[in-house]
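Residue numbers (the working numbering), protein chains in the order written: chain A, 203 to 554; chain B, -9 to 351.
Hint data in this document are derived by calculation from the structure and do not stem from the laboratory.
In this text, a Cβ means the ideal position worked out from N, Cα and C, and glycines have one as well.
A hint or two may mislead.
Here are some chain B residues pointing at chain A (derived, C-beta under 10 angstroms) [as the list claims (entries may be wrong)]: (1) Ser15; (2) Leu193; (3) Gln202; (4) Leu204; (5) Ile347.
Next come the chains, spelled out residue by residue.
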Amino acid sequence: MGDAARHANAGSMHAPEGAGAALRIRGLKKAFADVQAVDGIDLDVAKGECFGLLGPNGAGKTTTIEICEGLTAADEGTVELLGLNWQTGADELRQRIGVQLQETQFPDKLTVEEALRLFRSFYRNGITVDESIKLAQLEEKRRSRVGGLSGGQKQRLAMATSLVGNPELLFLDEPTTGLDPQARRHLWDLVEELKQAGRTIILTTHYMDEAERLCDRVAIMDHGKVIAMGTPKELIATVGGEDIVEFAVSTPVPKGEGPGAPMSGSFPPKQSLDGASGLVLNTEALTAIPGVQSHRVDASVHQLSVSELHTAVPRIFAALEEQGLHLSEFRTHSATLEDVFVRLTGRNLRDE
Amino acid sequence: MAQRQKRAKGGHPTVDCAMKNLETSSLFQLTATRLKLTLREPEAIFWIFIFPILLAIGLGIAFRNRPADVLPVGATTEQLTQALAADKGLKATEMDESAGQHALAVGTIVLLAEQSGNEVVYRYDNTNPDARTARMIAGDAIQVAAGRKDVVTAANEQVHETGSRYIDFVVPGLLGMNLMGSAMWGLGFSIVDGRQKKLLKRLVASPMPKWQYLAGYLMSRLVMLAVEVVVFLGFAKLVFGVPFRGALWELALLCVLTSLSFSALGLLVASRAKTMEAVSGLMNLVMLPMWILSGVFFSASRFPAVILPLVKALPLTAAIDALRGNMLQGTSLAQLTMPIAILLFWFAAPFAVSIRIFRWR
């Protein structure tokens, strides 16, 4: 996760402005009944870019992408794709974009080849059915019925149906949700391949690792708003350290917090020094260590963001020992987009 | 099929080109997909092809025309009994008066002939057609036995007319019912299935022309229709000798019109429903009254005059009236304007409404 090498090959940082805009959103709003699903979004995606909308379920990602796909009408704001809009250029746009929706089930009794031949017939130009089968690596399954495909294969078929028209702009809505790890990696490879071919891709996901691995730029959404935007590297840099140290102390048990408190509870004690005041743990001794950028505690697990792990960790151990505290847990990981989300919202991405 | 033809005539450029056009025609692909999906559903095949034939066989056996019944009668004297037994239409038993009246009451005989002196008294129920027939035969038989001579010589020539049997009546009814069921189920279920599985949403996100989605259904329906009508009517003709008195092309036209009307109704029923349960309920709500009221198994004109105009306005009644008119009476289309107008209405109105209210998601 987030190793330096991968960030390095994340490639060119596209300037979002310019004539080459594949997608341009201004002031987008959409409400369903009493829920403001999308609450004033501005986005620019350059041609050739892989752009990710990252956020928890219910953040407004799918609504945003469906407005872009012309499936949902916006209440307010403008959406421009490839220099066209849905009011005047719908037919043209449908020919030029590719769409993968969440949870589309193709008819069980149709074969892979038949489904693709059907979708291919909708497009004036595009790749051949054979090419799309090859692209989605479904050669062995071309005569199998959709009902007999695995989850990953179904998802690759969905991907193939969105590719038969050779789209300039590809929308993928949660392409790997519900897939097992191997199928996810398989699909990531496929997306990488499409990126390399220079296609513009806009995808939504609630997996941070997926966004980090695939996207040139990411917009983090929460409650219908974009709360952060940039390259994964830039966003992770905002956490303040490259690594995250997590630990828990077993004695003495802090008052007010039960010993059995859940590890990743959804109620966020924000950076709360109130919570920490019940502890005998002196957080200032920790944040004073060179390289330790910040401290927060979430359900009795302490998190430090650290920039020089190799020198900081021994000092953290020393500081804790000095205070007579016994470590019950200790782990470190490279900072991820998850940590960015946690820093921005105080909540975990996985929590709904 | 297309594949095979292509290989066989591979070298011919125009054929190749035509094949390619079909391959890339979205209307053709939608139609072909719809057909494949229908044919790969074994239940659908049963309901569309097998069920109407089974029903026709069952009804044909139950209501087959038997030779004229021999009527059981009783008589109080040996002389009378012999006179009655002389006629092949009667089965006469000798019994005394009280036994005879009991037999009459329980229905083991339909008529009791009693002799009192030189007079014969016939006891029978004159609201029972069998009893009235027995009265006439018995009267003749006794008079002839007593020495009556006919003044006019008569000869009998027996005719068995097809077209007036129950099976002749019920085949157009079953045809109408089958056209209704296959059109409504065919459209209704698969549209709602597609909506539930988000396939409809995926299709509108593609450049597919929306009208072609519906047109694909209608065209595949026409292909299926041709097969199911030919199979069913062919069976009825071969096995039961059901008559076709009207022009066949007019019959074909009536079948197409009927199928279109019910396709439109199926579309209407499916235009909003989100679950299979919902669409099943709606479908039964629409079809059940017609199964009962529209004269599939007995003439719709048996219903009270008050509701008759309502019954006549139902699409299935109109369809069956028109089909019976064509097949049994040889009525031409020009004389069937009323049922045709009703069918056209039931095509246009639901179609117009469903186009307005149809939901793709």
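To see whether the hints hold, each was checked on the structure:
no.: 1; hint: Ser15; verdict: 6 angstroms, holds
no.: 2; hint: Leu193; verdict: 8 angstroms, holds
no.: 3; hint: Gln202; verdict: 9 angstroms, holds
no.: 4; hint: Leu204; verdict: 15 angstroms, violated
no.: 5; hint: Ile347; verdict: 17 angstroms, violated
The structure fails hints 4 and 5 (numbered hints given earlier, in ascending order).
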